[in-house]
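S.K.: Here is how the chains run, residue by residue.
2 protein chains.
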Amino acid sequence: MPGYPKSIERLISELQKFPGIGKRSAERIALDMLKRDAKEALALADAIREARSSVKECGLCHSFSDEDICDICSSGSRDRNILCVVEEPKEVYSIEATSDYNGLYHVLKGKISPLDGIGPEELTVEHLLDRIKKEKFGEIILATNSDIDGEATAVYLAEEIRPLKIRMTRIAFGLPVGGLLDYADKLTISRALEGRREI
Amino acid sequence: MPGYPKSIERLISELQKFPGIGKRSAERIALDMLKRDAKEALALADAIREARSSVKECGLCHSFSDEDICDICSSGSRDRNILCVVEEPKEVYSIEATSDYNGLYHVLKGKISPLDGIGPEELTVEHLLDRIKKEKFGEIILATNSDIDGEATAVYLAEEIRPLKIRMTRIAFGLPVGGLLDYADKLTISRALEGRREI
Numbered sequence: 008m009p010g011y012p013k014s015i016e017r018l019i020s021e022l023q024k025f026p027g028i029g030k031r032s033a034e035r036i037a038l039d040m041l042k043r044d045a046k047e048a049l050a051l052a053d054a055i056r057e058a059r060s061s062v063k064e065c066g067l068c069h070s071f072s073d074e075d076i077c078d079i080c081s082s083g084s085r086d087r088n089i090l091c092v093v094e095e096p097k098e099v100y101s102i103e104a105t106s107d108y109n110g111l112y113h114v115l116k117g118k119i120s121p122l123d124g125i126g127p128e129e130l131t132v133e134h135l136l137d138r139i140k141k142e143k144f145g146e147i148i149l150a151t152n153s154d155i156d157g158e159a160t161a162v163y164l165a166e167e168i169r170p171l172k173i174r175m176t177r178i179a180f181g182l183p184v185g186g187l188l189d190y191a192d193k194l195t196i197s198r199a200l201e202g203r204r205e206i
Numbered sequence: 008m009p010g011y012p013k014s015i016e017r018l019i020s021e022l023q024k025f026p027g028i029g030k031r032s033a034e035r036i037a038l039d040m041l042k043r044d045a046k047e048a049l050a051l052a053d054a055i056r057e058a059r060s061s062v063k064e065c066g067l068c069h070s071f072s073d074e075d076i077c078d079i080c081s082s083g084s085r086d087r088n089i090l091c092v093v094e095e096p097k098e099v100y101s102i103e104a105t106s107d108y109n110g111l112y113h114v115l116k117g118k119i120s121p122l123d124g125i126g127p128e129e130l131t132v133e134h135l136l137d138r139i140k141k142e143k144f145g146e147i148i149l150a151t152n153s154d155i156d157g158e159a160t161a162v163y164l165a166e167e168i169r170p171l172k173i174r175m176t177r178i179a180f181g182l183p184v185g186g187l188l189d190y191a192d193k194l195t196i197s198r199a200l201e202g203r204r205e206i
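Which chain is which? The protein sequence lines are A and B, in order.
Heads up: the first sequence begins at 8 in our numbering, then just goes up one per residue.
Heads up: the second sequence begins at 8 in our numbering, then just goes up one per residue.
Looking at chain A on its own, in the form it has when it is part of the complex (with noise of 0.2 Å):
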């Protein structure tokens, strides 16, 4: 780096961990937090801090809350009857973002991954058995990703269910709504054929 005081480089170092952020823009953020009041800098190291110390896990669905119960599992008017497991709180989002879903979610807290050490024990499927005992859910939507690892879950997770006699779906793999033939890879247009439905 061309020379910046050691603690812009930390800053810039520190920038760049997360998702999306390289050289150029952490460079780019940190010299504009300097350029900056002090107020509106500080407000983000403040608003992490923040987050960091009160945003907690709900106690049912494990996704991020500012109370012991997040808002969708204590809200009053989302569908009881249906659950949406995904792996990460993100993906909660992701799907509330769509207003398509007005169920119940259950995140997995990432996905069963032999390579990494990661057995059904390192996530909250316990849990999510005990849930689908105790709450007498109508459906399950499996909601996993499609790579080997979030597959893998959905089966693992498929068998344990099953003998619970509730009825378990899997989301839609295809090609994305927008997307070309042309550009999309092999797999996914495995999975839009596979997927395929009457019209």
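In case anyone wonders, no lab produced these hints; they're calculated from the structure.
Accuracy of the hints is not assured; some may be wrong.
If chains are identical, the list can't say which one is meant, so a pair holds when it fits in one copy or spans any two.
[Unchecked claim] Capping the alpha-carbon separation at 27 Å, the derived lysine-lysine pairs in DSSO-like fashion look like this: (1) K193 / K143; (2) K13 / K30; (3) K13 / K97; (4) K42 / K63; (5) K141 / K116; (6) K42 / K193; (7) K97 / K172; (8) K172 / K116; (9) K63 / K13; (10) K30 / K97; (11) K46 / K116; (12) K13 / K24; (13) K13 / K116; (14) K97 / K24; (15) K30 / K46; (16) K116 / K42; (17) K193 / K13; (18) K30 / K116; (19) K30 / K42; (20) K63 / K30; (21) K24 / K42; (22) K172 / K13; (23) K30 / K193; (24) K97 / K42; (25) K63 / K143.
We have chain A already, so just place chain B on it with the hints.
M.R.: Only chain B this time, still in chain A's reference frame:
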């Protein structure tokens, strides 16, 4: 936003204030900060605080510095015969990254902008003229940007410096007109330095 806890919403909105961070990246970074070890997220908060408290303004060139006088101004190996005048500290780093310039700098801390009520008094112009009188430079490079205010600032400085009978140059606009120095690639900046002309 899709029902984030309040402290996450605040973090996202603070992140969005910085250059190049849109809504989607702010969300991604915020959720990533919460997923990581507390230590890593807090390291950024600390780096921001530390940079804000320990970075000073160099007493000579007005760029950022860890000490009262920055590394460039206090270096024994810089060419003290040539002074490059830029608007902002970030432009010092952009020029340093080319390794094509070995002289000294003077940071104006902005540009003359009558519409924003910024005149020469709001900038470090007086100190610049003092330095030119005392430090006996052989050449002054005016490296303000090519937008209207940057150009007007160069013209104003040229008029102030001309009576001092020192060689003055303006960086060449091999830089795309309307483009900003700190967005330019190194080669473009090198060309602009190389092609500078008498004014």
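S.K.: Are the hints correct? Go through all of them and say.
M.R.: Status of each hint after checking the structure:
1. K193 / K143: Neither: 29 Å inside a chain and 63 Å across chains, both beyond 27 Å.
2. K13 / K30: Result: close within a single copy only, 16 Å intra versus 30 Å inter.
3. K13 / K97: between (34 Å within a copy, 15 Å between copies)
4. K42 / K63: between (34 Å within a copy, 11 Å between copies)
5. K141 / K116: within (21 Å within a copy, 64 Å between copies)
6. K42 / K193: Close across copies (22 Å), not inside one copy (36 Å); limit 27 Å.
7. K97 / K172: Neither: 29 Å inside a copy, 63 Å across copies.
8. K172 / K116: Within one copy, since 25 Å is at most 27 Å while 70 Å is not.
9. K63 / K13: Between copies only: 12 Å across, 34 Å inside.
10. K30 / K97: For K30 and K97, the Cα distance is within 27 Å both inside one copy (25 Å) and across copies (14 Å).
11. K46 / K116: For K46 and K116, the Cα distance is within 27 Å only across copies (19 Å; inside one copy 35 Å).
12. K13 / K24: both (17 Å within a copy, 24 Å between copies)
13. K13 / K116: between (36 Å within a copy, 21 Å between copies)
14. K97 / K24: both (18 Å within a copy, 21 Å between copies)
15. K30 / K46: Both ways: K30 and K46 sit 25 Å apart in one copy and 21 Å across, limit 27 Å.
16. K116 / K42: The answer is between: 9 Å across copies meets 27 Å, while 39 Å in one copy does not.
17. K193 / K13: between (42 Å within a copy, 22 Å between copies)
18. K30 / K116: Between copies only: 24 Å across chains, 29 Å inside a chain, cut-off 27 Å.
19. K30 / K42: both (18 Å within a copy, 22 Å between copies)
20. K63 / K30: Close across copies (23 Å), not inside one copy (31 Å); limit 27 Å.
21. K24 / K42: Both: 22 Å inside a chain and 13 Å across chains, each within 27 Å.
22. K172 / K13: neither (61 Å within a copy, 38 Å between copies)
23. K30 / K193: Close across copies (14 Å), not inside one copy (29 Å); limit 27 Å.
24. K97 / K42: Classified as between; 9 Å across copies, 32 Å inside a copy.
25. K63 / K143: within (26 Å within a copy, 62 Å between copies)
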